[in-house]
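Number of protein chains: 2
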Amino acid sequence: MYFPLSHLEDFASRLFESIHFSKEDAKLSAKLLTRADLRGIDSHGIARLRGYYNLFKAGRLNPEPKFSWSSRFPTLFTLDADRSIGFIAANEAMKKCIAAAETTGVGMVAVTNSNHFGIAGQYALMATEKNMIGMAFTNASPLVAPTHSKDKMLGTNPIAIAVPALTNKPFVLDMATTTAANGKLEILQRKNGLAPEGWIQKEDGSLSLNPNELKSGGALRPLGSFPNLGSHKGYGLGAAVDILSGVLSGANFGPWVPPFVSFLPLAENLVGEGIGHFFIAFRVDGFLEEHVFLKRMDVWMDAFRNAESIDSEPILVPGDPEWKLEEERTLKGIPLFPSVVKDLNALAKEIGLEAFSSGL
Amino acid sequence: MYFPLSHLEDFASRLFESIHFSKEDAKLSAKLLTRADLRGIDSHGIARLRGYYNLFKAGRLNPEPKFSWSSRFPTLFTLDADRSIGFIAANEAMKKCIAAAETTGVGMVAVTNSNHFGIAGQYALMATEKNMIGMAFTNASPLVAPTHSKDKMLGTNPIAIAVPALTNKPFVLDMATTTAANGKLEILQRKNGLAPEGWIQKEDGSLSLNPNELKSGGALRPLGSFPNLGSHKGYGLGAAVDILSGVLSGANFGPWVPPFVSFLPLAENLVGEGIGHFFIAFRVDGFLEEHVFLKRMDVWMDAFRNAESIDSEPILVPGDPEWKLEEERTLKGIPLFPSVVKDLNALAKEIGLEAFSSGL
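Here the protein sequences come in this chain order: A and B.
Just so we're aligned, residue 1 is where the first sequence starts under the numbering used here, counting upward by one.
Just so we're aligned, residue 1 is where the second sequence starts under the numbering used here, counting upward by one.
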């Protein structure tokens, strides 16, 4: 079933308005939520709308947040997002990075007391519109066991880096620091498939192929999967993201990060407020002439796309799959699983909104 | 065979002086080279001294470089290192980052026209002495094949991030963006061992267990090792490091990065000068009170070290193994393989220096 993007946006926007978001915040949140559907990261899009609604019902998401900023330098800022939905906080934070970079060359913002913000790559991409390099990081629900650990100490903690080019679409790396993001498990759950060895471990730390294992106390493994294939590196990257996003901002970090699903209890003795994000934007023309840099990025991309393939699979530049899906879905609409549509209709009924499927 | 660190430093310093380094540059280069031996990253230490000497003989390393800086913002700088050894360039670059961060909160330096700089972590660590967070990146000889590629397009391109704590030694992530760094292959070569599946591929892209495979046209694989275990993420990280270090600085990038070994020819139609590095330093007190942040890092470290183990192996904080080796080797000296000692003595004889082993 294909739906126009605007239909997803309108529904999400109406839902956010119904829980007291301002019209403007509702619209922006809906746009940044469904950007995931547009770019093909279906797990982070409208399928999660109920999750955000549940966070509101549990009192963990403030629909009318008052942002407070603090700063001691023209380049560095902390934003207390007052339990905002992550979309609004992240959007404001990246705008502040860009504004600071306009005058001083670089801006960095740490966000505390926030909630999940969808796909990280879209905030990094905001910087490329000004020919800046953008980076976005967030911590997330603890689902990942460090190398040799049984305990879930980290989230899938993504790293996003976006770089502008001259004639090409920007380079966009947007990756979970785990072997596989949660969304990949959800796809296997729907298909009743098995996960490759190295994605998941059982509660006792032994390997599992079961995509439902996390519901029985299992954990995701850091990128690298096994000690002898470098899983300490994936763990180290997830740790660095947690430190920048959580420790530095004043938010929760490590095992204290509040879970996205509102039915799980919060950890005891929280070490901060909500979840945390971290953003950077800086000017490429602080290093090279802008035109020269953008041209060099085109050369870089051409060289990598032209590398010789082992197996007839193309050599991709990070971001290529998402740009392709964005183009396709802009034309053809967004494909949604029947179960997702059914759940959105049920949610609408529960809270007295017009059904998702109506008006098509 | 154990040797005092000062003995390694003195020998390396004498060698650098013999090829026309200033006394000061020779001493500093020797210290930053052998820091690798001290911290247990033996592949990057004095065992590589001949490699630097050969770069000088090949005319690729300028012992008397004149650094030139350019800058348009108080936070961002490009350094043309005039074919300097990487140690001196990297040290100056990180000092500049720190000085900029003192007044503006953050400093970033891109270095072009440089050479290899040893272990990345030591430059990131310089920032922690001022209670700043430090990051260091470099591109390197193309040895790594992107996901699905036969061609060697990237170096082992390390990411180093160092974070200060209150009572603990700093957090130090210092990782190649490949499954295994070159040094791990060298250890297997000495032992005639086989590499785990996933580290290396043959010239045709199929898997290899042979640690000598790179000499027959093989390549290292990015962190993740296999497409279904996320090797596109390791590739994406290595790519981001190449872009920051090479594309942004004006240095060579991708397959054009000059090889460390001087007997390999340079690529044709070079796209820049030498190899490139990238450095960042920023103040933690731009986000939280310094004491509060440092205390939170201690809490973070304690929590992770206390996670429950699967297999009685301890859960480590990134940097723990290197701090332990540094302590041990400060007391007991640096262990060197007989083959390394023999090679250093041979090198001394070739160029008319007193033997490495003399005076012990």
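The set of hints was computed from the structure by calculation and includes no laboratory data.
Heads up, a few of these hints could be off.
What the hints assert, rightly or not - Derived pair list, reagent style SDA-like, types lysine to any residue, alpha-carbon separation capped at 20 Å:
1) B:202 / A:314
2) A:324 / B:342
3) B:342 / B:148
4) A:31 / A:314
5) A:130 / B:72
6) A:324 / B:148
Please read all numbers here as calculations on a predicted model, not as lab measurements.
To see whether the hints hold, each was checked on the structure:
1. B:202 / A:314: Within the cut-off at roughly 19 Å; holds.
2. A:324 / B:342: Roughly 56 Å between the alpha carbons, so the hint for residue 324 of chain A and residue 342 of chain B is violated.
3. B:342 / B:148: 41 Å, violated
4. A:31 / A:314: Violated. Residue 31 of chain A to residue 314 of chain A sits at ~31 Å, over the 20 Å cutoff.
5. A:130 / B:72: Holds - the C-alpha atoms of residue 72 of chain B and residue 130 of chain A are around 17 Å apart, at most 20 Å.
6. A:324 / B:148: Holds, at about 19 Å.
In summary, the structure is inconsistent with hints 2, 3, 4 from the numbered list given earlier, while agreeing with the others.
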